[in-house]
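Make the full structure from the sequences, and use the hints.
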Amino acid sequence: MINFVGRRKWYFLISGIIILIGIVFLIPVGPFGLAWGIEFTSGSMMTLSFEQEVEQAELQEEMATVGHSEAIIQGTGEGTFIVRTGKLAEEVKDPETGEMMTEEESIRRALEERFGPVEILSSYDISPSMARGIASKAALAVAVAAVGILLYVTWAFRRLMRSLRFGVCAIVALVHDVLIVLGIYAFLGFFFLMEIDVMFIAGVLTVIGYSVNDTIVVFDRIRENVAKSPGGALETTINNSIMETLGRSLSTSLTTLFVLLALFLFGGVTIHNFVLVLLVGVITGTYSSICIASQLLIVWENKKFRRLFSWVRPRRVPVRGG
Amino acid sequence: MSRRNILTLVGIALLVAFAASVMAIDPIDLPLIGEREGVVLGLDLRGGVYLEYQADFSDIPEGQREGRLEETRRIIEDRVDEWGVSEPDIYTMSPDRIVVQLPGFADIEGAKELVGKTAELVFREPATSGSTSVAVGVDAGGTQIAVDDVTDFAVGDVFAVGSEDTAEAKTIVVVDEASNIITVDSGFVYDHAVDEPVANLWVPATGTIDGQEKALAGAYLMPNTYVDINPQTAEPVVAFEWDATGAELFYQITGRLIEQPLGIFLDNELISAPTVKTQIRESGIIEGLTLSDAQTLAIQLNTGALPLTLHEVRTQKVDPTLGAESLEKSLMAGIIGLALLLLFMILYYRVPGVLACIALFIYGAILLTIFKLWPVTLTLAGIAALILSLGIAVDANILIFERVKEEIRGGKSLRAAIETGFSRAWPAIRDSNVSTLIICAILFWFGGTFGAAPVMGFALTLGIGVAVSMFTAIVVTRTFLRMIVFTPLARRTSLFRP
Numbered sequence: 000m001i002n003f004v005g006r007r008k009w010y011f012l013i014s015g016i017i018i019l020i021g022i023v024f025l026i027p028v029g030p031f032g033l034a035w036g037i038e039f040t041s042g043s044m045m046t047l048s049f050e051q052e053v054e055q056a057e058l059q060e061e062m063a064t065v066g067h068s069e070a071i072i073q074g075t076g077e078g079t080f081i082v083r084t085g086k087l088a089e090e091v092k093d094p095e096t097g098e099m100m101t102e103e104e105s106i107r108r109a110l111e112e113r114f115g116p117v118e119i120l121s122s123y124d125i126s127p128s129m130a131r132g133i134a135s136k137a138a139l140a141v142a143v144a145a146v147g148i149l150l151y152v153t154w155a156f157r158r159l160m161r162s163l164r165f166g167v168c169a170i171v172a173l174v175h176d177v178l179i180v181l182g183i184y185a186f187l188g189f190f191f192l193m194e195i196d197v198m199f200i201a202g203v204l205t206v207i208g209y210s211v212n213d214t215i216v217v218f219d220r221i222r223e224n225v226a227k228s229p230g231g232a233l234e235t236t237i238n239n240s241i242m243e244t245l246g247r248s249l250s251t252s253l254t255t256l257f258v259l260l261a262l263f264l265f266g267g268v269t270i271h272n273f274v275l276v277l278l279v280g281v282i283t284g285t286y287s288s289i290c291i292a293s294q295l296l297i298v299w300e301n302k303k304f305r306r307l308f309s310w311v312r313p314r315r316v317p318v319r320g321g
Numbered sequence: 000m001s002r003r004n005i006l007t008l009v010g011i012a013l014l015v016a017f018a019a020s021v022m023a024i025d026p027i028d029l030p031l032i033g034e035r036e037g038v039v040l041g042l043d044l045r046g047g048v049y050l051e052y053q054a055d056f057s058d059i060p061e062g063q064r065e066g067r068l069e070e071t072r073r074i075i076e077d078r079v080d081e082w083g084v085s086e087p088d089i090y091t092m093s094p095d096r097i098v099v100q101l102p103g104f105a106d107i108e109g110a111k112e113l114v115g116k117t118a119e120l121v122f123r124e125p126a127t128s129g130s131t132s133v134a135v136g137v138d139a140g141g142t143q144i145a146v147d148d149v150t151d152f153a154v155g156d157v158f159a160v161g162s163e164d165t166a167e168a169k170t171i172v173v174v175d176e177a178s179n180i181i182t183v184d185s186g187f188v189y190d191h192a193v194d195e196p197v198a199n200l201w202v203p204a205t206g207t208i209d210g211q212e213k214a215l216a217g218a219y220l221m222p223n224t225y226v227d228i229n230p231q232t233a234e235p236v237v238a239f240e241w242d243a244t245g246a247e248l249f250y251q252i253t254g255r256l257i258e259q260p261l262g263i264f265l266d267n268e269l270i271s272a273p274t275v276k277t278q279i280r281e282s283g284i285i286e287g288l289t290l291s292d293a294q295t296l297a298i299q300l301n302t303g304a305l306p307l308t309l310h311e312v313r314t315q316k317v318d319p320t321l322g323a324e325s326l327e328k329s330l331m332a333g334i335i336g337l338a339l340l341l342l343f344m345i346l347y348y349r350v351p352g353v354l355a356c357i358a359l360f361i362y363g364a365i366l367l368t369i370f371k372l373w374p375v376t377l378t379l380a381g382i383a384a385l386i387l388s389l390g391i392a393v394d395a396n397i398l399i400f401e402r403v404k405e406e407i408r409g410g411k412s413l414r415a416a417i418e419t420g421f422s423r424a425w426p427a428i429r430d431s432n433v434s435t436l437i438i439c440a441i442l443f444w445f446g447g448t449f450g451a452a453p454v455m456g457f458a459l460t461l462g463i464g465v466a467v468s469m470f471t472a473i474v475v476t477r478t479f480l481r482m483i484v485f486t487p488l489a490r491r492t493s494l495f496r497p
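Protein sequence lines correspond, in order, to chains V and H. Using numbering that gives the first Met the number 0, the letters of the first sequence map in sequence onto residues 0 to 321. Using numbering that gives the first Met the number 0, the letters of the second sequence map in sequence onto residues 0 to 497.
Mixed in with the good hints there might be a few duds.
Stretch-level coverage of chain H by chain V, calculated; a stretch enters the list once three of its residues show a Cβ under 8 Å from a Cβ in chain V [as the list claims (entries may be wrong)]:
(1) 93–99
(2) 241–252
(3) 296–302
(4) 313–324
(5) 382–390
(6) 441–448
Derived pair list, reagent style EDC-like, types lysine to aspartate or glutamate, alpha-carbon separation capped at 20 Å [stated by the list, open to error]:
(7) H/K404 / V/E77
(8) H/K316 / V/E52
(9) V/K136 / H/E76
(10) H/K276 / H/E247
(11) V/K86 / V/E103
(12) V/K227 / H/E406
(13) H/K316 / V/E54
(14) V/K86 / H/E65
(15) H/K316 / V/E77
For the record, the hints were derived by calculation from the structure and aren't laboratory data. Just so you know, even glycine gets a beta-carbon here, dropped at the ideal spot from N, CA and C.
In C-alpha cells form, the structure reads like this:
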C-alpha cells in the first residue's frame, strides 16, 4: 500500500515549481514567450525548381539548417517545391562570403550547394492563412467547456455531499495539465523552434480531453467508496480509491504511451512537436488525477489552503489492511 | 447462452460485414455532397489542389486594391466552407494573387467553378423598341461603324453590331434622338449574329425606390438561397428570397413585364429567361441549371459576388504539407505503437485482452466506415482526436477487466464476476465519456460559431470516436465476455487475471 495522500505537499510543490518556470517562459518578454506559427503570420513563399531529384524530407532538413525549420514544404512534382517560410529578410550577410544579399538569395545558394542547380521560379509575400483569433477562440471554447464539465461533474456526483468540490477539483486538474503542457512547450521553445500552430492547438485540446477523462475515473472510485463507508476518514477512502484504480491508470496511460512513444521515436519529423505535446499531456493527465485532483479534495475537506505548501513530514495515514 | 446475446452477436457480425462492404466500394459516389473520395484526408496528410489566381486590378483605384483582395479571400473562404470542404488553405500573395489550396483531388473542375467565378447575378429585361433609339456598332477595336453599314434599320429599332470574327466581343452603342451616345456593356447582347436584328437585346431591369432608379441584382438577395427540385419538371432550381429593397424592385419589375421574359444573367451569361406570369414580390426560382451548377450557384449567392475579377494562373497538385515520406514513417510508427498496445493487452489481460483486441478492431472498422460515409475531412487534428478516442476505448475495456479481476479475486464465479464487474465499471465509463462528449459539443459549437475549422474537426472526430467507443464497450465487449462464459476457457479463471 502506497501512501499517496501523505505526500501531497510534495506533489503541490513539484507541480508549482514546474508551472512557475513554465509561466516565466510563457510571458512574452524579451526572448521568452511562444512565437506564432507561419499559418498565423505573414511570410514568404517561393517556388523552387531543382535539376536533381530532391526529397521533401531532405529539403526540410536543409531549410532547418539555414534557420527556417518552420518551413512548410509541398512538392508539386518534377523537382518543384512550394516553400512557405516566415518573412525573409531584405538583407542578410552571407555566412560564407560575408557579402550582403537578400535572404532569399542566401537560401538559394545554400540549397544549391547541397542539391545542385536550383531556380527560384517565383517568390511572393503572403498573408496569414489562418486568423490568429482561432487560438484565442479555442481558449475561450475551452473555458466554456470547463464550465460544462463543472456542471456535469457536480450533477453526476450529486449523491455525495459537496459534489461541487469534485467539479472544481477536476477543473483545477485540467488547468494544471494545460499549464504544464504550455509551460514545457514554451521552455523547449526557448531552445528549439516551437511555435503555436494548428497542430499545437489540436494537441492541447487532446490533453484537455484526456485530463478530464482520467480524473473522472479516479473520482468515480472515490464516489463509490465514500458511498460504501460514509463515516470513514476521507484521506483513507481517497488513498484506497487511488490504490484500487492504480492498475487501471497505469494500464491506460501505458497503452496510450506505447502509441505515442512509437510515433515520437519512429515517426516523421514533421509531427515531432505535436506528439511531444501529447506525450507530456498523457503523463501529466495521469499524474494530476492522482496527485492533484484527489489531493485537493482532502485539502478542501481539511480547509488547509493556507498550508498548501507548508513543510511538514508526511503524516501516517490509517489505511485499510495496512 | 441467452437468445439476446446471440442476437447481439449477429448484430455485431452484420455491422462488421457492412463495414467491410463499405471498405470494398471505393470511391463512394454520393451526389449530394459532390463526388468525394472515401475517407477525405486533409492538406496536411494527403495534399490536394493548388489554385493560384491573379486579380484584375485594371478598374480598381490604387487605394482599394488591398482591401478588395482581402475581401475576395474572405468570400472564397466562405464559399469553400459552405461547399463542405473543411480546412482549406487560403492566402493572398502581394500584390495581386490569391492562392487556394483544397484537400483531395476529386472534382477539381467543380472546385474551380466555385472558387474563381465572380458570381455576379443581374436581372435584365428585353429592350423595348419603343425607346426611340438607333443603333450604331463599334468593332472590337472600338472603331465606330457607320450607321449605313447596318442593313435594314429604322429609327426605333435596336441593333447589335460587331465584327464577325470576334463574335463574343460585340459592343453596342445606342444613340438616342438627341445624339447622346449610351455605351452598353457587351454582355447585354445575347447570342446573335452580326447584322441580325436583335430580339434579345437586354437592358438592366430596374425599379424606382424613393425616387431613385435601381437595378435588380444579386446583392439584394437574402443569404438563404437553396437548391430545390421543381415538382412539375423534376429539374433542380435555385430558390431565392429578396430583402426589402429587392422585393420592392422585383414587384415593380414583374408587374411591368407580365407575359414578357425576364433575363437572369450570371457573370454576363444568360442562365434562363422565364416569362413572367404574375406579379411577385418576395421570392423566386432560377431554372435551367444542372444539379451541381445549382448547388454551386446557391453557395455563391449566399456568400456574395467577388469584388474582383480573378484569372486563373496556375493549377497543380501538391503533396501533403507534412511531407509524404515523413507521413509514411509516422504511419509505420503508428502501426508499431498499435501492435505494442495489442500485445500488452493480450499478455497482461490474457483472454479478456484477446477479446479487447477483437473489440478494438470492430471499433476501428465502425469508425472508418463512419468517416467514409460522412464527409469529414481528416487532418492531423482529427488524428489527435482518434488517438485520444482509441485511448478512451482501450480505457473502457481496461476498466471492465480490472473490475472483473477484482470480483474474481473476491471469490465470485466468473459469470457473476463479469456481470458485477461490468455494472461497477459502467458509472466510470459513462461519466468520463459523457464529460468528453460535453467538451466535444461545446468545442464544435464554438468552432462553428467563430469559424475555427480545426477546432470543429477535432471536436467532431473525437465525439464520433467517443460515441463509438462507448458502443463497443457496452455492446461488443460485454457480449463477448458473456459468451466466453459458455466456452471451456471459462473453467480456467487463471486465464482471466494477470
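Going through the hints against the structure:
1. For a cut-off of 8 Å, the count of residues in the stretch 93–99 of chain H with a CB near a CB of chain V stands at 3, and the three-residue condition holds.
2. Only residues whose C-beta sits within less than 8 Å of a C-beta in chain V count toward coverage, and the stretch 241–252 of chain H has 0 of them, not enough to reach three; the restraint is violated.
3. For the stretch 296–302 of chain H, the stated coverage by chain V is violated: 0 residues have a C-beta nearer than 8 Å to a C-beta of that chain, whereas at least 3 were required.
4. Look at the stretch 313–324 of chain H against chain V: 10 of its residues bring a Cβ nearer than 8 Å to a Cβ of that chain, three or more, so the hint holds.
5. Under a criterion of three residues with beta carbons nearer than 8 Å to beta carbons of chain V, the stated coverage of the stretch 382–390 of chain H is upheld, 6 such residues being counted.
6. Coverage of the stretch 441–448 of chain H by chain V holds [criterion: at least 3 residues with CB-CB distance below 8 Å; count 4].
7. Between H/K404 and V/E77 the alpha-carbon distance is near 59 Å, which puts this suggested pair outside the 20 Å criterion.
8. Distance hint between H/K316 and V/E52 is fulfilled; the C-alpha atoms sit about 18 Å from each other, no more than 20 Å.
9. Restraint check for V/K136 and H/E76: the C-alpha separation of about 18 Å stays at or below 20 Å, so the hint holds.
10. For the suggested pair H/K276 and H/E247, the alpha carbons sit about 17 Å apart, so the restraint of at most 20 Å is met.
11. The straight-line distance between the Cα atoms of V/K86 and V/E103 is roughly 10 Å, inside the 20 Å bound, and the hint therefore holds.
12. Restraint check for V/K227 and H/E406: the C-alpha separation of about 16 Å stays at or below 20 Å, so the hint holds.
13. This hinted pair checks out: H/K316 and V/E54 have alpha carbons roughly 17 Å apart, not beyond 20 Å.
14. For the hint pairing V/K86 with H/E65, the CA-to-CA distance comes to about 19 Å; that is within 20 Å, so the pair holds.
15. The suggested pairing of H/K316 with V/E77 holds, with an alpha-carbon distance near 11 Å, which does not exceed 20 Å.
The structure does not agree with the numbered hints 2, 3 and 7 stated previously, though it agrees with the rest.
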